[in-house]
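S.K.: Here's the letter readout for the chains.
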Amino acid sequence: MIRFGLRLALASGREAATRLVTIALAVTLGVGLLLAVLAGINAVFSQNARYAWLNSGVQSQQQAPSTKDSAWWLVRGDYFEGQNVGRVDVAVTGPDSPVPPGIPALPGPGEYYASPALATLLAQRPADMLADRFPGHQVGTIGDSALPAPNSLLIIVGHTPAKLSGLPGAQRIDRIATAPPQDCISCYVGIGAAGIELILSVVAAALLFPVLIFIGAATRLSAARREQRFAAMRLVGATPRQVTVVAAVESTVAAIIGTAMGFGLFAVLRHPLAAIPFTGAPFFTADLSLNIVDILGVALGVPLGAAIAARLALRRVQISPLGVTRRVTPRQPRPYRLIPLALGLGELAWFIDHPRPQTGTGQVAVFLPGLLVTMAGLVIAGPWLTMVGARLLARRSGRPAALIASRRLADNPKVAFRAISGVVLGLFVTTTATAVITSIEAHRGARHDNSLASTAMSAEFWPEHNSPYADQTSVPGTVLDQLRSVPGVRSVTVVRRNDAAFAPVQRSAPVGAPGPGVDPGPPLEVGLVLCADLALDASLGRCADGATVAGVPAAFQGWEMPSGPGTVFAAAAVGADQLAHLPVLSVVANTDGSSATLERVRTVLELAYPNATGTPSTQDDVRTDQTTTMAQWEQLANVVILASLPIAGCSLAVSVAGGLSERKRPFSLLRLTGVPLRVLRRVVALESAVPLLAVAVVAIGTGLLAAHLFLRAQLHYNLHAPGGGYYAIVAIGLVASLAIIASTLPLLERITGPETARND
Amino acid sequence: MDRTDHGAAGTVGEGGALVSAFVEARDVVLSFGETPALRGASLAVQRGEIVAIMGPSGSGKSTLLHCLAGILVPGSGEIWFDGQRVDALGETRRSTLRRDRFGFVFQFGQLVPELTAEENVALPLLLGGVRRGPALGRARTWFDRLDLKGLEGRRSGELSGGQAQRVALARAMVSEPEVLFADEPTGSLDSLTGEQVMNLLVDSAREQGTTVVLVTHEPRVAAYADREAMVRDGRVTVPAVEPVAS
Amino acid sequence: MSVPLTLLGLLEREPSHGYDLKRDYDTYFGRGRPLPFGQVYATLGRLARDGKVVMGEVGPGEGPDRKRYVITELGATEVRTWLSEPVEPEPHLQTVLFAKVVLTLMLGRPAEEYLDLQRAAHLRRMRELTEIKRGDSLVDGLLADHGLFHLEADLRWIELTTARLEQLAKAVRS
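These protein sequence lines are chains A, B and C, in that order.
All residue numbers for the first sequence refer to the working numbering, where the first residue is 1 and numbers rise by one.
All residue numbers for the second sequence refer to the working numbering, where the first residue is 1001 and numbers rise by one.
All residue numbers for the third sequence refer to the working numbering, where the first residue is 2001 and numbers rise by one.
These are calculated hints, taken from the structure and not from any lab test.
Predicted, not measured: the structure shown is a model, and the values here were computed from it.
Heads up, some of the hints might be wrong.
To be verified - Rough simulated footprint, nothing fancy, chain B against chain C, three-plus residues with beta-carbon under 8 Å:
{"#": "1", "stretch": "2033-2044"}
{"#": "2", "stretch": "2076-2083"}
{"#": "3", "stretch": "2101-2109"}
To be verified - Quick partial rundown of chain B residues pointing at chain C, CB under 8 Å, derived from the structure:
{"#": "4", "residue": "Pro1056"}
{"#": "5", "residue": "Gly1058"}
{"#": "6", "residue": "Asn1199"}
{"#": "7", "residue": "Pro1219"}
{"#": "8", "residue": "Arg1220"}
{"#": "9", "residue": "Ala1222"}
{"#": "10", "residue": "Tyr1224"}
{"#": "11", "residue": "Asp1233"}
{"#": "12", "residue": "Thr1237"}
{"#": "13", "residue": "Pro1239"}
Think of the CB as a built atom: it goes at the ideal place given N, C-alpha and C, for glycine as much as any other residue.
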């Protein structure tokens, strides 16, 4: 029986071969996607594991066996040209100190190991921009096993124990952490791996939806002919089991071919995929690997699933030896089909007024399933919406084409909707993703005229952060001179601390109502500045008229508020002569904004204050950390949009081609009874276009609604209208769908010729 | 003039002994949803007979044939074949019965479009587990007998109506069935082609002693049979056997 | 076309005058060829001689054409037998078939059973002809085909009539 099934599957003529190839292609896409996701999850964990050693200073770690000698250890962050730089300062106390992965031994004083990317930068950039920050010379490169990403900027600098032990935050360690950060509560270096895993899984499910629809459309090709073939077999005495075996063999062969090609597709896509920074940092290509469970699971599971699906599909149909003769008009879809859609949207709306989970993982666990239920709800409600659209069409036009089309649609709305379900989902996903991102950018992106964010670099000494420089009352003259001598520096200003509340201290508030847990921003008027100094650089702002000392933020910038030349700072009730005795809060160097200038300024400040608890930075640098999450979402959204629309287009094309042969007989008969060809063409056009447009409107509307609900609940933003790019994509998508439908119209004449109405 | 309202469970044969029928329906009732198709139909067919079932369209004659062949299971009543109850068998056993002991020639839609003519003829054998080589060999012998030489490799779409029906006949006979069920076998053929098919059908059946149950609404086709049974409104009337003398 | 039997059949319905008999015959069975009076009376005379009809009482002042003829037991039996037996299937017997069906209906008898019997007879004859056709002689086969087509035509008529019996009965008995 299996050989017979193979013969039918592989050598049955053109129609069967087309079906086989189409199913195989659809399976290829699905398998490639699945493998990419599985590899992505593996990659996230492998990458995260490489962060482990950076958490060696965290006390609660369970880790590798301890060494006889300990080492001093301090992990700090730095910035360079908008990227994060990881800096580990170490000091060896004996020959058997713990050694992190990637290097043969800890560097001694005056030595350092740099990651390959950082080593390149060190060589290429002028020393005063980068290399001067790190005392000593490079003795080697950090190996891949210690680098989270191929382009990671990491440096391990050696010192004497005496020097390092005096730095705030330095610790003695006698072992290197090996536990991955997600297993360790207070580890702060690393990525939210569990959250990413969930996001990737759910995105995969969201993309697999359209792929499954595609596979379904391909499977339904030639359905009538296959039914007839099975009926003939049953007549001659094939048992139901034999028929099931043949059908299962056909499906399994297609699935096996598709799975093999899917592995090939994954192999091809591996390298480009690794470059996409889902976690904020790209992967090594080797990270995107599959373990044996993944491989066996997919290679065996997909064909097995195909066989089982074929079996279940036949179970519903019950092929009798007489074929499916008495087709009763299927039941009308009921309004209760709208319930899942309402549930999904309702779940999203619930969280507007109710508290949501605190952790990122919890939030994902709550929102993305809501979106998925909404997607499923769209697919379930589709036939009902098609039926409603058909009824409206019937009422509004009395012409024959509309009457025939609306009657055919109303009789079988499920079939009509199936063809476009992929496109509908694609539209929904695209709309939601684009609307969310556009709105977020509209809020965050507006700099509110803060020109200082990219130009003003400040070194800040906060007593709350235990800065060792918090009580200094002066800045060494050499520092000020060095700063002023960097080409591109406009001004260097010293800001004093407003401890005695000479000016009222307020906290700035971000624009838009803040929710719980949102950082309210830095305090204003926490610093004091000499108006004479301020007057030297108008771009920082100006004092109120008549003031000699003004209350200012530490870097002259409030949170999400306008800063820069137009800002007026209120006077403080303190005399200029008293100012010199107040502790220094910050040193602010305003520059021309070029990276060369900024990095030189940073180097000077780092060398001037080597033990500082924070890194000298601009507000842009700080923002970089915050936008990483945003960037992750954007990347994923782009991938989803790029992938789902073409898949939807494929399933539409396949369904339309299949629908064409279903129309052969009834339309030939109509033609013979005198219905003109142009009326038939209009019928086909209406039959396809009406459901498409009706449900597209609903899909877009639902997408915008879902985006609005998500934004209100998660970020308390309102929906912003998406930009021109979105409308362009939607228009292109709809036009392409209509074009696919229209392309079949010329074929109508050929296939409804009189010979197809023969009684044979 | 005696007339029976149904073919009795046994007819009196020569010497007065009760001969039980080879294929038999007893008081079969079958409805499709609300619509009754058979309302207590009974028919007895002897081994080796050729019986024509006639009647107006919608009378239930095809349904009766489907019941006798084990394709449909009646709502009530009994179907007997060679001493065993067919309607009591499960789907698998009835399928096996159709494969090994029955043959079918219908009006349309009986050949598998993806297979060649010889594969179609060999199909019952292949389904029964005969290996491909011997099955095709047996199939090919029928091509000569039914004037189909040269058409072995053609697909069903490439055959004319008469050729397709002869291929169907070959397929029906290849497993040497004990009963051949034919439903309007010449329905879509012209007179001459139809005659050709009927001649071959009756010749093959007579040669192998196959019992034939033939459904037709055409008297000229029914005239090939040994006797006829009328189906009207879901019931069967059988004219009584005429006394020999006239 | 059996005139004596037809007249007998009409008489079984009710006793009639010769004139009425001819009129009825012409209406139902004449088909543009009315029966000559002479033939009517000659046939009636023969039937009377055979004892199948008798002449009834003659009223005063009525001539021979005012005689009423009554069917006898013998005549009635003959009609019954004739009506219940199928006609030998021959190609050109539409008129006989038709007469028998109409008379059966007139007499209130079940025509369906008769038609069934006739059909069975036709089919039997068709089987015989088919055997001839399957034989060796081509000429015989052609003749057999001819017969078969005519018999088939009869059978079609029988089918149609069977479907229309109720209507026909109403029309005939009114």
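S.K.: Against the earlier hints, flag every one the structure doesn't satisfy and list their numbers going up.
M.R.: Of the numbered hints, 1, 2, 3, 5 and 11 do not hold.
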